[in-house]
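2 protein chains.
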Amino acid sequence: MDIIVLKFGGSSLSDNIKLNIVANKIIDFYNKNNKIVVVVSAQGKTTDNLIKEAKELSYEPNKREMDTLLSTGEQVSISKLSILLNRLGYKTISLTGWQAGIYTSNDNGEAKIEYIDTNRIKNELDANNIVIVAGFQGINSKNDITTLGRGGSDTTAVSIAASLQAAHCYIFSDVDGVYSADPNRITDTTKIGELSYDEMLDLSNEGAKVLHNRCVEVAKKYNVLIETGSTFNNNVGTLINNKIEESCVKSVVKNDNLFLITLKYESYNADMLNKLYFLLLSHEIIPLNILNNSTNSFNISFTIKACDLGKFQELLEGEISMFTSSFTNISRISLVGYGIMNNKNIIEKALEILNINSVEIFSVELEECKLSIMTKEKVSDKILEQLHHELI
Amino acid sequence: MDIIVLKFGGSSLSDNIKLNIVANKIIDFYNKNNKIVVVVSAQGKTTDNLIKEAKELSYEPNKREMDTLLSTGEQVSISKLSILLNRLGYKTISLTGWQAGIYTSNDNGEAKIEYIDTNRIKNELDANNIVIVAGFQGINSKNDITTLGRGGSDTTAVSIAASLQAAHCYIFSDVDGVYSADPNRITDTTKIGELSYDEMLDLSNEGAKVLHNRCVEVAKKYNVLIETGSTFNNNVGTLINNKIEESCVKSVVKNDNLFLITLKYESYNADMLNKLYFLLLSHEIIPLNILNNSTNSFNISFTIKACDLGKFQELLEGEISMFTSSFTNISRISLVGYGIMNNKNIIEKALEILNINSVEIFSVELEECKLSIMTKEKVSDKILEQLHHELI
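From first to last, the protein sequence lines stand for chains P and V.
Oh and the first sequence: position 348 is 348 in our numbering, straight run, nothing missing.
Oh and the second sequence: position 276 is 668 in our numbering, straight run, nothing missing.
The set of hints was computed from the structure by calculation and includes no laboratory data.
There may be inaccurate statements among the hints.
What the hints assert, rightly or not - Using 25 Å as the maximum straight-line C-alpha spacing, the simulated DSS-like pairs for lysine-lysine come out as follows:
| no. | chain 1 | residue 1 | chain 2 | residue 2 |
| --- | --- | --- | --- | --- |
| 1 | V | Lys483 | V | Lys601 |
| 2 | P | Lys45 | P | Lys209 |
| 3 | V | Lys447 | V | Lys437 |
| 4 | P | Lys122 | V | Lys444 |
| 5 | P | Lys91 | V | Lys601 |
| 6 | P | Lys52 | V | Lys410 |
| 7 | V | Lys583 | P | Lys45 |
| 8 | P | Lys63 | V | Lys483 |
| 9 | V | Lys444 | P | Lys18 |
| 10 | V | Lys583 | V | Lys601 |
| 11 | V | Lys768 | V | Lys703 |
| 12 | V | Lys534 | P | Lys18 |
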């Protein structure tokens, strides 16, 4: 009998109709003679609502207490799903993070799983129970409840799969797999059948929301076979494994939530770039890249995430004084696929398409499985579609 | 430094304004140089809502899973109250039942506290934390979450007070103490200053809602000084201790949620009463008293709670066959106070008042601290007022 781990996200659990769909999906896997561990998130918007309620009591709630509060969300999910599966005639047991033996570091709000004591889970599986575990949470050395941060339930599922040497870890969500580009932006994208861990990591880091990168890192380390799929259909999803494939572009991703900032100073000072860099970091603004393109005057450009723009504008009014400044909303386009680094044709073709469309390029970065192009303006979905069409 | 236990019920925690009132009450006690343990219930109607949500998934939810679900209510309360007290500048720590070392029997839904491992609570008090404990919940020998049943938070508070040998256990609610009769029914009732454990037990059993009888039993056993009071004012409440006082009536209570049932059979059979009694018990209908008043025909009367009437009517249509049956909504009036058993004047006076008002009596029961009179009809609040006026 194989052990199978199934993970369901919050939007798959948000009402009783969806809970019934999830329950029937679990029953299908159970009836195929598998031992089943289910990992669930909090229902729907529960976590967001609890955060909102806490912020009404304090601008900066204590992190330990926040974790105690937030962990109730998954606890509600596990018990409800268990009650429902019981009613449908199946033996189940719900386990909170601490009951499931998920031991983490002490960092409340962003704890890391240190080890999983699988005794309880194994005993419950041996007693023919469907085991339903609360994702996103664990217990630290002080016996306090911790949470793993956003996307933590994916990490819980993959870590349990690794500890139990499960045959398969399914991550179910609203979408049935990883696509060659965002289907909301581009027509005629295709679902990717198989990705290597490194390719999936590159996609996660570029903002593909199907899997959290922490969970992919754990899967890579312990060689866990992940399959993504939709809660709401039975289509074959995307398989993430350690397979190395022929060089090709698997996916084209565009991130428009970036700003290119240029500062011009009249007087020049050799350590100005360093000073600026550290100033930004000390205000929790992380420049994605920074470029000293001084010629006559001192001229420095860098890109930041849109969410950091507010913090940067405050800095501009205070600690940074310069001649002129400008900021533009730009795009980063990433092509992901094994072997891109060694495939000159792909790089040339991509740059050529951008050139034909008169898109000015700010920077190009090349990695083993990824080509990232930062432009000097926002790139239209039409151009993305052309890249997708020509390269995939 | 004295250890003080403060317990707040759900209606004292139902919104942020009330949470602030509770927080300030806690701070008042803390600033009087006390070590503070706070025990809280779930906010407002949380528990009822969770029960309703579970029943939407299953008519008879698994009890273990229900306890996991319901325990989230108090977990939300402890973390929110902790977050608020932090913001007001106080060091706090929230503890769930299992974190607070509250070990119970295995009976999910109605577990009994077996012992409290107070190490964690004591360590947190020594670190000058206000310790906020989730009431109503604990952990059993299987490492599963249990709940103590309705009124369980009172029991948690008194049990913690007993284990820590706390100087005082305050039970705060909407009302500031125990009254000589229900203030909603009778004008000019008075608040009782002091009650013995036995008197309070008699009142709790007769439906006075200020304290749950289980908590009073624990307080009696371990000699815990309870003070009831209102969350919303600073009036002196009612003290419950082991003091024995002069014989007098402290409180008059009326319960109208009772039905008197009479069954008439044509043929007589000696063990009919026993059979009926066991039949009722096997259907979880508990007759409060039963009377064989057969003369010519076999004639049996008994009283049941209104909530059992539905179950009984089902029985009537099935397993019980008799000549005629009747049921009437009746009242039980209880006079509570130490030494009533030996005070003939009180008993005579009470029966006389009922007689003047033409109230037919079904039964009279006399105990050390209590006189209970079951009538054959529902007794008006006006008569209750007369009893209160003449006897207290």
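Tested hints:
no.	hint	verdict
1	Lys483/V x Lys601/V	33 Å, violated
2	Lys45/P x Lys209/P	17 Å, holds
3	Lys447/V x Lys437/V	16 Å, holds
4	Lys122/P x Lys444/V	32 Å, violated
5	Lys91/P x Lys601/V	39 Å, violated
6	Lys52/P x Lys410/V	18 Å, holds
7	Lys583/V x Lys45/P	46 Å, violated
8	Lys63/P x Lys483/V	13 Å, holds
9	Lys444/V x Lys18/P	18 Å, holds
10	Lys583/V x Lys601/V	14 Å, holds
11	Lys768/V x Lys703/V	21 Å, holds
12	Lys534/V x Lys18/P	31 Å, violated
Hints 1, 4, 5, 7 and 12 from the earlier list are contradicted by this structure; the remaining hints agree with it.
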